[in-house]
Amino acid sequence: MTAYVIRRLLLIVPTLFGIIAINFFVIQFAPGGPVEQLIMELRGKGDTTSRLTGAGRVEATTPSEGSYRGSQGIDPKILAEFQKMFGFDKPPLERFGTMLWGYLRFDFGYSYFRDRSVIGLVRDKLPVSISIGLWSTLLIYLISIPLGIRKAVHDGSRFDVASSAVVLVGYAIPGFLFAILLVVLFAGGSFVQWFPLRGLTSSGMENAGFAARVLDYFWHLVLPTVAMVAGGFASLTMLTKNCFLDEIRKQYVVTAMAKGASERRVLYGHVFRNAMLLIVAGFPAAFIGVVFTSSLLVEIIFSLDGLGLLGFESAIRRDYPVMFGTLYIFTLLGLVMRIVGDFMYTIVDPRIDFEARG
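Offset between the sequence shown (1-based) and our numbering: plus 26.
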């Protein structure tokens, strides 16, 4: 296992390099860079629509200069200072090499527009995303595994058919659409306002007691967590059902039942461990996926100041240090969690030997 882990760790380096390199050179062709964003904000035209569409980038003042429409009327010296401030006075390859050298030392630089280090921003936003991701992942597993087992045991029954309709709805409706529905119904959209819409704490709770702060925290988590669970439980439920059905139909289960073992003993004493191998080992990767990808739109809808909202705002504003810094961190964590998932396979079932595969 040690040699396998070392090989996987070494593969992280070229994988990270490839992902960062592709994204870096693709972003060079994206309209509306940081210089243009700054000029538009100085002129009072930096609205969300122009940032999203890249409006304002048309033909250059002179075709050879490759400048922006927003730079028309700007002193060329001032424009050069803006480009130097963001580092665009250097060729792309030099900027890419400088960025990689910083990443090797875990120096991700400073945000263009927030006057904060990328590490500081990620550290501040991480607790919100972890809160949503942790509770959502735990609830998804707590709901999906028992539901999937019961569907497998009662395959083809009325319960299986009825629950399959619920699972189908979970497949069909993305989490962010369900989040919008929850806002409309329960957060003051059109009906009642039972739950808050912003943040994870209410104003004035700093001086409240511990119990009151805990209740307030979970009160704010209800709608985002429900939206995440509704959008994520369907696939795990069907995976659990299919894993159990595959094991139930194997010969050792038929033999155990023929010898007089009870259904409960066969199910939880023999089938459970084999069927749960794929599900339990996939928990680290599932958690990372919920924290860094699935929660993006949910954080935006519920105005939660987490990593999803940070990434969205950074992409809109073309805040490249934050964009690439968070991409590097998230990719690195995702690759490491995959190795942790492989390690969990060997814990759940010691018979698995990754060294033999090599």
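Among the hints, a few may not be true.
As the list claims (entries may be wrong) - Below, in silico cross-link-like pairs of lysine to any residue (SDA-like), each with a Cα-Cα straight-line distance of 25 Å or less: (1) K285 <-> R299; (2) K276 <-> S190; (3) K110 <-> I156.
If you're looking for bench data, these hints aren't it; they were derived computationally from the structure.
Just so you know, these numbers come straight off a predicted model, no measurement behind them.
- Please flag the earlier hints that this structure goes against, numbers listed from lowest up. 3
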